[in-house]
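Student: Once you have looked at the hints, place chain B on chain A.
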Amino acid sequence: MGARMRSGINFAKVVTILAIIFGVSLGLCGLTVTLADRVPSVLALAPIAMTLMIFSLGGFVVVGLVWVVMYLTGGGKAQGPEVQKLFEDDERDKR
Amino acid sequence: MLPIGSHPALHPVSEVLGWVAGYAVFRRLRSRDGDALAEPVRWSVIAAAAVGAVVGSRLLGLAEQWPTLMAAQRSGHLLMLLASPGGKTIVGGLLGGWIAVEILKGMQHIDRRTGDLFAVPLCVGIAVGRIGCLLAGLGDGTYGNPTRLPWAVDLGDGIGRHPVQAYEILFLLALGFLLSRNVQLPEGVRFRIFLASYLAWRVAVDFLKPQPLLGGMNVIQWTCLGALAVLALLWAKDKRFRGEAGYGRAHA
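Residue numbers (the numbering used here), protein chains in the order written: chain A, 1 to 95; chain B, 1001 to 1252.
Hints should not be assumed to be uniformly reliable.
Pulled from the structure, derived: some chain A residues nowhere near chain B, Cβ distances all over 10 Å [unchecked claim]: (1) F55; (2) V62; (3) V66; (4) V68; (5) V69; (6) L72; (7) T73.
To spell it out: a stretch of chain B is covered by chain A in this simulated footprint if at least three of its residues, at any positions, have a beta carbon under 8 Å from a beta carbon of chain A; those stretches are [said to hold, decoys possible]: (8) 1004 to 1010; (9) 1014 to 1022; (10) 1046 to 1054; (11) 1131 to 1140.
Each pair of labels, with its calculated beta carbon distance range [to be verified]: (12) A:V61 <-> B:G1226: 26 to 36 Å; (13) A:V61 <-> B:R1074: 28 to 38 Å; (14) B:A1200 <-> A:V62: 36 to 46 Å; (15) A:L43 <-> B:G1034: 47 to 57 Å; (16) B:Y1023 <-> A:G59: 16 to 26 Å; (17) B:V1183 <-> A:S41: 44 to 54 Å; (18) A:A36 <-> B:P1067: 14 to 24 Å; (19) A:R38 <-> B:P1067: 18 to 28 Å; (20) B:A1204 <-> A:T73: 49 to 59 Å; (21) A:T73 <-> B:P1146: 55 to 65 Å.
Rather than coming from a laboratory, the hints here were simulated on the basis of the structure. The beta-carbon is built from N, C-alpha and C at its ideal position, and this holds for glycine as well.
Next up, chain A with everything else stripped away, as it sits in the complex (with noise of 0.2 Å):
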């Protein structure tokens, strides 16, 4: 199972996934909060805001902990630079 989850999860875009829900989320639950006075229908939002928040906060630190220890021992995706090069240097000092 380690092996598979090692060469299927692309972590890196799980974590950017789970930050960007928690972004959005967290601007959601703040519209509803300043809103409510003038709009109460906003309120109805506030729920699947802070579900959203919740689940993705929590995802974010379960995902980026895995990771942390997939990359410890070795297994992580991206594990240098591994610079791929467009051209050649001799190339690219012509240009």
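Tutor: Using the frame of chain A, we list chain B on its own:
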């Protein structure tokens, strides 16, 4: 006066669409122009940028409302305020993302510039996200000062205001168009042009926003000026601009 009203539910929709649009443009540019980084490293850079952006946008968003922050500190509710939702800024997101990527590059010994591929996608993503800011109205905190100009917008309180979000969308579309031109630039310059232009724009346009002032400008404007000074220093110190122009390739 154009009636817009307040539609806060559309803000997150627009924000998500902004991320999606930015990512679509990024993928298109990456397949067109290639990438100096391998896929896993590029994703690490994107993850660092996203996490840094969330943290940075929140921190500067709180700092922007410094009177509320100080009042919370005086009343002993600072921790509660820090944990409360809401309050994000694009400038904080950009700078937080930038710092996080530089930290990652230092940790992983990446010496290539990584930001050029993000310049145009950021223009598109922020422009789409700003539609949500405009539609969210008064709750969003990004609205403009009152004005009697014919294109003033009514965000639900009957007062005509500068549509500063629309100004910013137009600015970003123009900047994105210029940056998308296939001009050969040294590696890293495209992103720095984007960042410097956006920060300078915010210094100017934020004079049209009713934000708490500190020494004549708001916290975001001071932050933009500080970041512009750092960018100028980096530019001046960069060897590539002092004698090795032509290093790298556009969109590398």
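Student: Hints first: check each against the structure and report whether it holds.
Tutor: Right, here's what the structure says about each hint:
No Cβ of chain B approaches the Cβ of A:F55 within 10 Å, the least distance being about 14 Å, so the stated non-interface status holds. For A:V62, the non-interface assignment is confirmed: its Cβ lies about 15 Å from the closest Cβ of chain B, beyond the 10 Å cut-off. Every C-beta of chain B lies more than 10 Å from that of A:V66, the closest at about 14 Å, which supports listing it as non-interface. Every CB of chain B is more than 10 Å from the CB of A:V68 (nearest about 12 Å), matching its label as outside the interface.
No Cβ of chain B comes within 10 Å of the Cβ of A:V69; the nearest lies about 16 Å off, and the non-interface call holds. Interface exclusion of A:L72 from chain B stands, the closest Cβ pair being 13 Å apart, more than 10 Å. Non-interface status of A:T73 relative to chain B is upheld: no Cβ of that chain comes within 10 Å, the nearest being about 16 Å off. Counting residues of the stretch 1004 to 1010 of chain B whose beta carbon lies closer than 8 Å to any beta carbon of chain A gives 3, which meets the minimum of three for the stated coverage.
Requiring three or more residues with a Cβ within less than 8 Å of a Cβ of chain A, the coverage given for the stretch 1014 to 1022 of chain B holds, as 3 such residues are present. For the stretch 1046 to 1054 of chain B, the stated coverage by chain A is satisfied: 6 residues place a CB nearer than 8 Å to a CB of that chain, which reaches the threshold of 3. Counting residues of the stretch 1131 to 1140 of chain B whose beta carbon lies closer than 8 Å to any beta carbon of chain A gives 4, which reaches the threshold of three, so the coverage claim holds. As the Cβ distance of A:V61 to B:G1226 is approximately 31 Å, the hint placing it in 26 to 36 Å holds.
Between A:V61 and B:R1074 the CB atoms are about 32 Å apart, so this pair conforms to the stated range of 28 to 38 Å. Distance hint check for B:A1200 and A:V62: the Cβ-Cβ separation is about 40 Å, which falls inside the suggested range of 36 to 46 Å. The hinted range of 47 to 57 Å is satisfied by A:L43 and B:G1034, whose Cβ atoms lie roughly 49 Å apart. One distance hint, 16 to 26 Å for the beta-carbon pair B:Y1023 and A:G59, holds here, with the actual separation near 19 Å.
The hinted window of 44 to 54 Å between B:V1183 and A:S41 holds, with their beta carbons roughly 49 Å apart. A beta carbon spacing of about 21 Å between A:A36 and B:P1067 agrees with the range 14 to 24 Å that was offered as a hint. The supplied range of 18 to 28 Å is met by A:R38 and B:P1067, whose beta-carbon atoms lie about 21 Å from each other. Judged by the Cβ atoms, the range 49 to 59 Å given for B:A1204 and A:T73 holds: they are separated by roughly 50 Å.
In this structure the hint that A:T73 and B:P1146 lie 55 to 65 Å apart at CB holds, the actual value being about 60 Å.
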